Structures are given as C-alpha cells and as structure tokens.
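Chemist: Chains as they are written, first to last, in the working numbering: chain A, 1 to 293; chain B, 1 to 293.
Calculated directly from the structure, the hints in this document are not laboratory data.
Keep in mind that this is a model prediction, so the values were computed, not measured.
Accuracy of the hints is not assured; some may be wrong.
Said to hold, decoys possible - Stretch by stretch, here's where chain A covers chain B in the computed footprint (C-beta under 8 Å, at least three residues):
(1) 183-194
(2) 207-219
(3) 228-241
What the hints assert, rightly or not - Here are the simulated lysine-lysine pairs, BS3-like style, with alpha carbons at most 30 Å apart:
(4) B:K179 - B:K7
(5) A:K7 - B:K7
(6) B:K179 - B:K41
(7) B:K7 - A:K179
(8) B:K211 - B:K7
(9) A:K211 - A:K41
(10) A:K7 - A:K211
(11) B:K41 - A:K41
(12) B:K41 - A:K179
(13) B:K179 - A:K211
(14) A:K41 - A:K7
(15) B:K41 - B:K7
Virtual Cβ for every residue (Gly too), placed ideally from N, Cα, C.
Protein chains: 2
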Amino acid sequence: MIVMSGKEVGSALEAHLSAEVAALAARGVEPCLAVVLVGDKPESQTYVATKVRTAQRLGIRSVDVQLPASTSPAELDAALDGLNADPAVHGLLCQLPLPGHLDAARVAERIDPRKDVDCFHPYNFGLLAEGLPRFVPCTPQGILAMLRHYAVPVAGRHVVVLGRSNIVGRPVSLLLSQKGWDATVTVCHSRSEDLPRYTRQADVLVVAIGKPEWVGPEHVREGAAVIDVGVHRVPDAGRPRGYRICGDVRHDAVAPLAAWLTPVPGGVGPLTVLMLMRNTLRAARLAAGLDVA
Amino acid sequence: MIVMSGKEVGSALEAHLSAEVAALAARGVEPCLAVVLVGDKPESQTYVATKVRTAQRLGIRSVDVQLPASTSPAELDAALDGLNADPAVHGLLCQLPLPGHLDAARVAERIDPRKDVDCFHPYNFGLLAEGLPRFVPCTPQGILAMLRHYAVPVAGRHVVVLGRSNIVGRPVSLLLSQKGWDATVTVCHSRSEDLPRYTRQADVLVVAIGKPEWVGPEHVREGAAVIDVGVHRVPDAGRPRGYRICGDVRHDAVAPLAAWLTPVPGGVGPLTVLMLMRNTLRAARLAAGLDVA
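Taking the hints into account, I'd like the entire structure generated from these sequences.
Modeler: Right, dumping it as structure tokens:
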C-alpha cells in the first residue's frame, strides 16, 4: 500500500510556487491574497492563520481583514467592494462559515470573479462545470495533484465520489469526468441507497462526507485508491490534547485493501492551502496579462 | 412497458404555458423570444422555424434575426447587444452550430444571463451546477418533466447518463444528483471502459451519446426506465422521404426489457421546444419583477 503523502506532493509544489513568485517579482508583480474573516470562531481563525502564514512563507503578500460578528450584509459588501477595487489585491476570499445573518451565496457573488481564488462565484463554477475552468477549487485541485503525482490510473476507470458538496464532491466529480481525466464518475450522497454496492466498484474512491471514520473495509475494493478528504477532531483521553485528528475513513481497517491511501492528517489537507496560493498566483498572472498555464 | 409520450406530457404543459401567457398579458407583459440564426444551414432553419411556430401558437412574440454566414464576431456581438438592450425581448438565444469562424463560448458569454433561456452562459450554468438554477436547460428540463409525469422512482436510485455534453448529459446528471431528485448518478462517455457494466445497473438510463441505435438490450437492465435523447435521420429506401428518424437506442430490442421507454420521434424532442417557451415566460416574469415558481 502506497501512502499518498500531502507533504511529499506539497514540497514539490512549494518549490514550484516559490519559483513562480520570484518570476512574478522579476516582472514587478507582488502577488497578494486578501482574506476576510467575519467573527471570532476559533476554528476559522486557525484556518485564516494557516493561509496567512503559508502566503508569507512563499513570499505572497497577505491582507488579513477581521470584521466583527455583528457586521451587516451591507458592511460586508462594502469591505469586499473595496478589496475588489484594489488593484494590488489579486486573490480574495471570505472565510466560511459566516455568522447566521450573512448569506454565503451573496458573498460568493460579490467577490470579483477575477479574484475568486476559492472558485465559489457561480460564473467561475460554471466555467469549471463546462470544462473550461479559470480557477480550480482548492481541495479538488489537491486531489487531482495527488492522483497525478502517484500516477493513479484514472482514464476510463470508475471513480466513486462520496459527497456532493459544492466545495469538494461536486467539483472533483466534474473535473475527473471531463476530457483529459476521462473517468467514469459516480456521485453518492446521504440519500444513496446501498452505498457499498457503488463504493466497492470504485477504482478510485474519494470520500468527502464529513462523518468521522465512517468508511470501512466493507466499502472498499481490493486495489483501490482511497482519497480521504475528511478532517475531524475526535475526543481521545489518551492524547495530550484530549483529542485526535481523523478522517472520514477507518484507515487501519482499509489499509490492507487499498493500493493507495491518503493519511489524515498529512494527506489532502496540506495541499488545499497550497492550491489557494497557486490560484492567487494565477489570479496575479491573469491581472498582469501574463500567460497562464 | 409504458411509452413515455412527449406529446402527452407536452399537451398538459402547453395548457399550463398558455394560461401563463394569459396571466402575463393581464399584467401588461407580452413575453418575447428572440432567436438569432447565423448562416443558412437547412437543419438549423428547421429548428428555428419550430421555435418561432411554437412561440406563436402559445401567444409568445418572437423575433427572428437571420444573419449571413459571413457575419463577423463583432457583428454578431453587436446584434446580441442590441437584443440584450431591448426591454421588450425577454428570452434570447443563438441557434447552434455556428459557422466555423464564430465561437460558441463567446456567444454564450455575450447573451445577458437574465435572457439566457438556453442556460449556456457560465454564470447560469454555475447556478445550475451549484443547485440554485435560474434557468434549467431545455432538454434536461424535458427529461425531468418526463420522469415526474410518469412517476418514475428516482430518489436513492441509480441513474446512469450516457454522454457528458454541456447541453444534455452534464446538466441532467447534475440536476438528478442534487437535493430533491437525490439520485445516485453515474456519467459515462466515449472514454468509459466496459459501458454495459454501468448501464446494466441503471434504474434510469439517459442516453445522449449521439450515435444512431447504439444502445441495445445488452446495455439495459430489466425494469429500467430508458430515456432516449438522440434524434437521427437514417437512410431508408423503403420510406417515402428516403430516410427514417431514430434515436440512440434500438427501441424494438430494448422494449421487452424496459419498464418505461421514450419513443423517437415523439419522446423528449417535443418537450425541448416547450421548455424553451417555459424559460422565456420565466425570463419575462423575472424581468417584470413577478414571483417565479
């Protein structure tokens, strides 16, 4: 069984991104990512801090905008409009989840599609769904990088995606089904009947259902590649912090069957934030009128 | 075996649409569909004529713009801009295929998303892919109407879609996989290996691969619903016109297995043009600030 290491894939990618930052600097472009956080949810603060830290490490400027939980829709619009209008800002995102009185769909539409490095704007999501993506959402892009790096056969094979969210399940299923990747893709979800019937057929199983250690050996075909997108904190009195991190997959039970398996932590997670940086560089190149790969 | 008749579903829908036209008229709104045709391809002329005739029959005004095959991209842009700017025009489409020197993606982006009754604009396609459609593309909408009318069980069942085009296969697979329809959906295409392995598992098989009479009994599970989206002219010396119309499915061979089957002609085809009218009425209601269902 091959462990698909996000750290291994990520370190190659980091070198590539650093070189790209240097190439942009040589042309007078300082790439910049703006992150807006509404409220003070500790988990969201941690995510934002990781994004800001990663940007700094790669030489990408970051703008960190913190707004109170009481921010009104109009105030949030105004903050986003200001960042949209700032030519020094290339990438822009608003950390989710938002406080209950704010609407994520409204925010997604307010962000300039040219700066929408999360690929949540319907225009960008439509380009993606039509097979002509400008930005590829970060976690799906990490999954693709993992499959490419470990040369997992995908074309013509059966990919089963567990989960239909607009952040992971839906876009990764679209991407792998399109020309180039050419997989036969099945999307399963909470309303699917007899899940093992589908998952046991998968050559590649992408698990993004958000349920801790829910997928076991009864779901996995021998020789499959299993991509675990889940990240959960599970109480564990035996650990110093009182919890441990796990995914959507029971790794010990699935490892004897799988030919490839992503660990949690250290699998897809570290790639997600790097792909955010990659999208920021892409936005900077697009804004500067430079060729993009 | 139940024949899923587009004429039967369509006549109920026509009555509904006529009532809707009357309701709009009572509020002073005359719905209007503009159809742009570039060039004089006979098949395209036939499609446009059907759209114009159907609009007239339902009391929808139609604007029929014919441009020469030599029309430049800028000239086509100008024609579309004029129709975009005309408040009396609610729905706008450009008949495909375009002459080789014109780009369908550019045209799709030029049409005002509020008038985009084909749902080809990336913004509208993104809303659809995200599960919040403003317009539902016409043929997929006809397929949904067929499934609803004949009460074919879909939720939790396995839908297999043959074909991944942005006009039929992709959007219908997205729609049936989303909340509400809740099917487990597999998308197969020309690069899928061992197609019968997938199609024989289908409770609902949607065939949109564009190959005459390509799907046979070896692809169909007993008791399945089979939706045939194909329309082809096949040479047939025994017919008065020298050809016959067929679909992507070998109907005689599949009928003994299928529990539901759409005929060709008279299946999904007649619904597609009606759904275009339905989208036009929806666009008119949206433009007038009226509630939409």
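Chemist: Between K41 of chain A and K7 of chain A, does the CA-CA distance stay at or below 30 Å?
Modeler: Holds, at about 27 Å.
Chemist: Is it true that the CA of K41 of chain B sits at most 30 Å from the CA of K41 of chain A?
Modeler: violated, 60 Å
Chemist: Sort out whether K7 of chain B lies within 30 Å of K179 of chain B, counting only the CA atoms.
Modeler: Answer holds: K179 of chain B to K7 of chain B is near 28 Å, not above 30 Å.
Chemist: What's the verdict on K179 of chain B and K41 of chain B, does the C-alpha distance respect the 30 Å limit or exceed it?
Modeler: violated, 40 Å
Chemist: K41 of chain B and K179 of chain A were given as a pair; does the straight-line alpha-carbon distance stay at or below 30 Å?
Modeler: At roughly 29 Å apart (the allowed maximum being 30 Å), K179 of chain A and K41 of chain B satisfy the hint.
Chemist: Would you check the hint for K7 of chain A and K211 of chain A, treating anything up to 30 Å between C-alpha atoms as holding?
Modeler: holds, 24 Å
Chemist: Does K7 of chain B sit within 30 Å of K7 of chain A, going by the straight-line distance between their CA atoms?
Modeler: Status violated; Cα separation ~59 Å.
Chemist: Go check the stretch 207-219 of chain B versus chain A for me, would you? Three or more residues, Cβ under 8 Å, otherwise it fails.
Modeler: Result for this restraint: violated, n = 0.
Chemist: Take a quick look at whether K7 of chain B and K179 of chain A sit within 30 Å of each other, Cα to Cα.
Modeler: Violated, at roughly 35 Å.
Chemist: Are at least 3 residues of the stretch 228-241 of chain B within less than 8 Å of chain A when you compare beta carbons?
Modeler: Not satisfied, violated; 0 residues make the cut.
Chemist: Are K211 of chain A and K41 of chain A close enough, with their CA atoms no more than 30 Å apart?
Modeler: With a Cα-Cα distance of about 21 Å, the restraint between K211 of chain A and K41 of chain A holds, given a limit of 30 Å.
Chemist: Mind checking the alpha carbons of K41 of chain B and K7 of chain B for me, to see if they're no more than 30 Å apart?
Modeler: holds, 27 Å
The structure fails to meet hints 2, 3, 5, 6, 7 and 11 from the earlier list, while all remaining hints are met.
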